[in-house]
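Counting from 1, position 17 in the sequence shown corresponds to residue 103 in this note's numbering; the numbering is continuous, with no gaps.
Watch out, some of these pointers could steer you wrong.
Estimated spans, in silico, between C-beta atoms of each pair [stated by the list, open to error]:
#1 Ala415 to Ala134: 46 to 56 Å
#2 Ala357 to Arg526: 25 to 35 Å
#3 Ser351 to Trp192: 29 to 39 Å
#4 Gly352 to Leu105: 45 to 55 Å
#5 Arg366 to Glu325: 34 to 44 Å
#6 Asn452 to Ala397: 53 to 63 Å
#7 Leu347 to Asp164: 13 to 23 Å
#8 Ala485 to Gln159: 40 to 50 Å
#9 Gln282 to Leu391: 41 to 51 Å
#10 Gln163 to Gln126: 45 to 55 Å
#11 Met87 to Gly142: 15 to 25 Å
It is worth saying that the hints were derived from the structure and are not from the lab.
Nothing here was measured: the structure is a model prediction, and the numbers come from that model.
We put the beta carbon where it would ideally sit given N, CA and C, even for glycine.
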Amino acid sequence: MTAATLYRKLVDSHTVAVLDAQNVLLFCDLHLMNEYTSPQAFAGLHAAGRGVPMPGQNVAVVSHIIPTHPVRQRVIQDPPSALQASNLRANCERHGIALFDTNDRWQGIEHVVAPEHGMIRPGMVVICGDSHTTTYGALGALGFGIGTSEVEHVLATQTLVYRLAQDMRIRVDGRLPRGTTAKDLILMIISRIGAQGARGFAVEFCGTAIDALSVEARFTLCNMAVEAGARGALIAPDEKALAYVLERAPDIAGETRAAALAHWSGLHSDADARFDVEHRFNAEEVAPFVTWGTSPDQAVAVDGLVPDPQALAEGVARTSAQQALRYTALAAGQPLQGLAVDHVFIGSCTNARIEDLREVDRIVGNRRVAAGVRAMVVPGSGAVKAQAEAEGIAERLLAAGFEWRQPGCSMCLAMNDDVLAPGQRCASTTNRNFEGRQGRGAITHLMSPAMAAAAAINGHITDVRAWKDIQ
87 MTAATLYRKL VDSHTVAVLD AQNVLLFCDL HLMNEYTSPQ AFAGLHAAGR
137 GVPMPGQNVA VVSHIIPTHP VRQRVIQDPP SALQASNLRA NCERHGIALF
187 DTNDRWQGIE HVVAPEHGMI RPGMVVICGD SHTTTYGALG ALGFGIGTSE
237 VEHVLATQTL VYRLAQDMRI RVDGRLPRGT TAKDLILMII SRIGAQGARG
287 FAVEFCGTAI DALSVEARFT LCNMAVEAGA RGALIAPDEK ALAYVLERAP
337 DIAGETRAAA LAHWSGLHSD ADARFDVEHR FNAEEVAPFV TWGTSPDQAV
387 AVDGLVPDPQ ALAEGVARTS AQQALRYTAL AAGQPLQGLA VDHVFIGSCT
437 NARIEDLREV DRIVGNRRVA AGVRAMVVPG SGAVKAQAEA EGIAERLLAA
487 GFEWRQPGCS MCLAMNDDVL APGQRCASTT NRNFEGRQGR GAITHLMSPA
537 MAAAAAINGH ITDVRAWKDI Q
């Protein structure tokens, strides 16, 4: 038998038909939907007179446009957004598709909700009209984003015409230094391989540093792999991943559990499997990373300086850096430490899980948000919110001056009313720092939850490693 990578094993086990050398028809175990990428797909489905033959393998979540104000009953005031939510509700009711609706107690961001309810399991193919579906690779599931026309095809057939990716392995050995996290690791990797460095590849992360990460940290890593252009991100499921899944999937019991464990044990790349590209990194080199530009790969260690575009080769990279500095109002050679921020946003499908909020709580301690800074915490789901409130995290963050909001995508992409004003500078735990991402003219600096918490306390970008009370 030919040695295979984990990626090829997942693709081969879900291939319904080989279309040609580059494309297959892929069966999709789970299709997640949201309110903004599904309306046209349902409209096309209805226009063609088609139904949804496998509604149980489709789930919808209202996540991107939902308001996060701390009220008991949320009402979407923006008419177009309200229409999107009501359309999703009607379409789900019509086809018998499960929906986490606006005021569902477990509502949240699709990529946080799905794993915590045991929907994501090793070996699955999971798709969604959202690029950060790569998140599910943390559990050994092949997840990736699809377009609206593909959403319609999946609804009608539960399959997808899929173009094969190449295999990339990223090995990270060593131990992450004190004060650094998976967010810093992935920002460092993206800064080194570039925003297009994994374009066309399915990336498998491995190595002792990856093994040491918690499952929630692995979600962060796989979530942001798409920011390097990856079409998928995978980590072979180990005991941590299996324990995470089994704890949340009570239906896996008895003979089903034995069969599942037997299947999952084979979900790894064979020892002599061939990868098209391989990268190696040393975890000991990771520092708290912060973006200075308008792309996630425009990042440096927090104690570094904004790079000089003239030091880059002529071409796209130099032009992009020059344009980024004009937008962010920064200068080459300028230190990032000490740069004042107006806003701190802790949330998103990258960093709004309970471990992230525990880290923020630990950093904040008895400190208070700096005067003039607006700091907002938006949990990733109703379950995360409830857990944080039960642990006293919400109460302590409120006392420190943070806003404690309802779950949702919120200011990650500002599709609701959580929007920054032009010129405002934000320390953000999100995944993208594109121009206008958090509001027209607003400036985003990506960083870890610990770094964002420190920025909220000091009112400026701060090297959290200097704080003596962190581990």
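Range hint 41 to 51 Å (beta carbons of Gln282 and Leu391) holds or violated: At roughly 24 Å between Cβ atoms, Leu391 and Gln282 fall outside 41 to 51 Å, so the hint is violated.
Gly352 paired with Leu105, Cβ distance criterion 45 to 55 Å: About 26 Å separates the Cβ atoms of Gly352 and Leu105, which means 45 to 55 Å is violated.
Satisfaction of the hinted span 34 to 44 Å by the C-beta atoms belonging to Arg366 and Glu325: violated (25 Å)
46 to 56 Å as the expected CB spacing between Ala134 and Ala415, which holds or is violated: holds (50 Å)
Range hint 13 to 23 Å (beta carbons of Leu347 and Asp164) holds or violated: Since the Cβ atoms of Leu347 and Asp164 sit about 47 Å apart, the hinted range of 13 to 23 Å is violated.
Range agreement (Cβ of Gly142 with Cβ of Met87, hint 15 to 25 Å): violated (34 Å)
Outcome of range test on Cβ distance (Ser351, Trp192; 29 to 39 Å): The hint (29 to 39 Å, Cβ to Cβ) holds, given that Ser351 and Trp192 are roughly 31 Å apart.
Supplied distance hint 53 to 63 Å, evaluated on CB atoms of Asn452 and Ala397: Distance hint for Asn452, Ala397 is violated at roughly 43 Å.
Ala485 versus Gln159 beta-carbon gap, inside 40 to 50 Å or not: The hinted range 40 to 50 Å is violated for Ala485 and Gln159, with Cβ atoms some 26 Å apart.
Consistency of beta-carbon spacing, Gln126 to Gln163, with hint 45 to 55 Å: Violated, since Gln163 and Gln126 (Cβ atoms, about 23 Å apart) do not stay within the stated range.
Cβ separation of Ala357 and Arg526, checked against the hinted range 25 to 35 Å: violated (51 Å)
In the structure shown, a violation is registered for the earlier hints numbered 2, 4, 5, 6, 7, 8, 9, 10, 11, in ascending order.
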